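Listed below are the residues making up each chain.
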Amino acid sequence: MGRTNRTRATITVIRMTTDPERSESNFDSKAHRDLSRRGLLLGAGGTGLAATAAAAFGFGRSTAPAIDPREPVHGTSTIDFYGNRQAGIDTPAQAHAVLLALDLDRNDDPDAARRLLRLLSDDAARLTQGRPALADTEPELAETPARLTVTFGFGPSLVRMLSPTSVPHWLRDLPHFDIDRLESDLCGGDLLLQICGDDPVSVAHARRILLKDARGYGAPRWIQDGFRSSRGARPRGETMRNLFGQVDETVQPRTSDGSREFVVWGNPPPDSTSTVRPWITDGTSLVVRLISMDMDGWDELSRRGKESSIGRDLRVGAPLTGVHETDEPDFEETSDMGFPVIEEFAHIRRAHPHAVEEQILRRSYNYDRPPKDTDRISDTGQLFLSYQADVVEQFLPIQQRLAEGDRLNEWTTPIGSAVFAIPPGCRPGGYIGDCLT
Amino acid sequence: MHCGAPKQIRRDSTVFERISFKTYSYLSLPCDGKSRAQGPARPKGCNIKMKNSSCKITVLCAASLVAVTACNTDTSPQEGPDQGPTEEGGADTRIHSENDDLWVRSAGSGMTSVFGTLENLTDDDLEIVAAETPVAESVELHEIILDDDGQEAMQEIEGGFLIPADAALEMEPGGDHLMLMGLHHELPPGELVEFTLEFEDGSAETIEAIVKDDGGQDEPYESDDHGDQNDH
Ligand code: HEM
Ligand SMILES: [Cu+2]
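Chain order of the listed sequences is Y and W.
Add 45 to a position in the first sequence, counting from 1, and you land on the number used in our numbering.
Add 20 to a position in the second sequence, counting from 1, and you land on the number used in our numbering.
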């Protein structure tokens with residue numbers, strides 16, 4: 046009989062599965078207890094022995110386990126997907142990122158675009174919460190999202206397709222800059238998926254799922270990944286370092302003082318005369334610049350030379366006129382010889398705003414890949430990500446100044462470039478882009 | 021909700037003046053300055069569309085109300101008809117897909133399958149005896165059997181899907197599923213498809229599934245003869 050031959054049981058008792066999630070902290074604290082008890086025992090009975098052994102073999106602390114087993118596991122931590130605003134922008138930067146820029150097969154079929162966005166939003170909603178995507182062939186890889194976020198960015202043709210009247214005037218290619226050496230296959234794109242997470246495995250899984258679901262609607266135009274220090278490697282909140290060794294992203298619009306609200310989301314304070322407005326409430330923009338960094342050329346500089354090119358010291362990232370990282374640079378200060386302490390074409394002087402509008406949120410990732418040319422030993426650079434409510438008012442004047450004069454240009458070369466409109470977030474049952482009609 | 025007018029945040033503005041306007045003149049931009057933001061767009065239609073007695077909505081109501089409310093907290097007064105999830109579905113809902121996880125395998129024509137969990141929300145056993153959908157001529161309830169050669173094959177199940185009280189039917193590739201026969205049109209990934217499930221007492225309930233391309237293949241269909249051999 047067919048029934049008796051059924052290949053698998055299909056009925057499960059679901060009350061079992063509604064168990065409260067095993068909480069990370071419970072798990073950890075138990076591990077702590079067990080461990081510290083062991084540690085105590087060892088400490089009491091074993092110290093003498095250990096010390097003797099260490100002395101005899103001439104090693105000090107290397108008897109300690111390489112990885113402290115009490116280190117908290119953070120794979121299950123999640124960032125909300127649903128909300129007024131998309132995650133992955135105000136979210137403190139995760140350790141890993143991959144940006145997928147897709148070309149859509151058709152730019153005249155809004156229904157197809159909506160189906161695609163519904164699918165991808167559904168995937169993102171599940172994966173970011175540690176749940177497998179629908180029809181996930183590797184569901185186990187979804188279990189440790191580690192603050193996974195998926196942020197959608199729309200190119201001009203996609204916004205036009207969904208809502209022709211909503212296309213922001215700044216949503217187009219940046220003007221050409223003399224410093225640019227852009228490769229066309231590293232530029233543009235109709236739909237951007239910015240995947241960030243602290244675990245490269247769940248990032249890779251999300252990447253696979255999203256690309257799989259996009260398959261019927263478009264193809265990758267470019268894919269770029271990058272990294273920052275891994276979670277837990279450095280004190281929380283410490284400013285990242287780029288591969289030139291510089292403390293990078295010191296000067297940032299902060300949530301604490303409201304400047305983030307203005308710079309990224311276009312909500313100026315009530316008494317502001319600024320004309321910066323978001324293209325859509327809770328939307329913003331992303332400028333991607335893929336910038337290659339000439340590590341060998343950088344090597345030839347003295348430490349002093351490196352510091353004066355940027356206007357900050359390398360050790361703590363303090364302006365050359367200050368002591369601490371967060372000290373305000375004094376662009377007026379001159380040396381005994383009468384030269385400005387922060388050089389005329391130092392990066393921070395050139396990047397420093399001339400108007401309140403000229404501020405951006407940077408959230409960049411390092412990249413380091415095998416060289417394409419055999420005469421080099423690396424292909425290194427920065428996946429430079431800049432968020433701002435208005436590309437023309439905020440980003441462009443800065444980029445313009447840097448292109449016209451910035452000591453750093455000698456060692457940095459933009460090779461990729463793209464601009465995306467970031468739509469608002471969505472609610473359960475909705476999808477990213479459903480606000481555009 | 022999140023599509024309203026830009027909200028003003030109240031805060032002292034000194035931070036914006038920390039910038040020094042010193043030595044450098046403002047460089048004019050190569051881009052035309054004419055197209056200024058005409059204020060934020062005011063998109064319409066961002067309400068969640070609700071369907072009566074849809075199981076999907078029950079999931080939203082039950083599981084997601086907290087999140088939905090949270091999204092609302094910092095927005096300006098609600099405009100219009102956007103009420104968020106309501107009590108629809110509620111009491112009468114007897115079945116739902118636990119994680120909102122019903123999906124249909126995308127197909128160009130012919131037949132295709134539906135997978136996902138169907139949870140019995142009642143205290144009694146439920147038997148699904150039939151199903152229908154606007155996108156296909158008919159829907160069959162299928163199970164997978166091992167044929168005489170030990171190969172997996174699918175066939176219509178006798179009776180229906182019996183889901184005991186407090187249990188869930190897990191439909192997955194290689195197991196039980198709904199089978200759409202005679203698709204009226206292509207089912208592209210991302211499309212939402214409605215199904216009406218009929219219970220043994222003659223009542224019915226509507227559920228929704230999303231179309232996905234999982235790259236998988238349907239099992240071969242047991243031929244009638246073959247099936248008969250198996251069943252007799
Ligand atoms: C590989 C290329 C780049 C490197 C290595 C780099 C590095 C740095 C470093 C080390 C600082 C000082 C610390 C800080 O505030 O972050 C800085 C500041 C800054 N950079 Fe860059 N940067 C690069 C490209 C860019 C680009 C393309 C832009 C914008 C178009 C930019 C905009 C800024 C801004 C606005 C500041 C803050 C200036 C201030 O003090 O007010 N940077 N950058
Ligand atoms: Cu079947």
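No wet-lab data here; the hints were simulated from the structure.
In this text, all values refer to a predicted model and were calculated from it rather than measured experimentally.
Note that the Cβ used here is the ideal one computed from N, Cα and C, for glycine as well.
There may be inaccurate statements among the hints.
[What the hints assert, rightly or not] As a list, the in silico EDC-like pairs of lysine to aspartate or glutamate whose alpha-carbon atoms are at most 16 angstroms apart:
hint, chain 1, residue 1, chain 2, residue 2
1, Y, 417, Y, 339
2, Y, 351, Y, 283
3, Y, 257, Y, 339
4, Y, 257, W, 143
5, Y, 257, W, 160
6, Y, 351, Y, 455
[Unchecked claim] Here are the simulated distance ranges between beta carbons:
hint, chain 1, residue 1, chain 2, residue 2, range
7, Y, 153, W, 172, 38 to 46 angstroms
8, Y, 174, W, 236, 48 to 56 angstroms
9, Y, 152, W, 212, 50 to 58 angstroms
[To be verified] Listed next, the stretches of chain Y that the computed footprint assigns to chain W, with coverage defined by at least 3 CB atoms under 8 angstroms from CB atoms of chain W:
hint, segment
10, 174–187
11, 197–206
12, 377–384
Results for each hint:
1. 417(Y) <-> 339(Y): Holds, at about 13 angstroms.
2. 351(Y) <-> 283(Y): 21 angstroms, violated
3. 257(Y) <-> 339(Y): Not OK: residue 257(Y) and residue 339(Y) at ~35 angstroms, beyond 16 angstroms, violated.
4. 257(Y) <-> 143(W): 40 angstroms, violated
5. 257(Y) <-> 160(W): The hint is violated at about 29 angstroms.
6. 351(Y) <-> 455(Y): 11 angstroms, holds
7. 153(Y) <-> 172(W): 38 to 46 angstroms: 42 angstroms, holds
8. 174(Y) <-> 236(W): 48 to 56 angstroms: 24 angstroms, violated
9. 152(Y) <-> 212(W): 50 to 58 angstroms: Check failed, 23 angstroms falls outside 50 to 58 angstroms.
10. 174–187: Result for this restraint: holds, n = 4.
11. 197–206: violated (count 0)
12. 377–384: violated (count 1)
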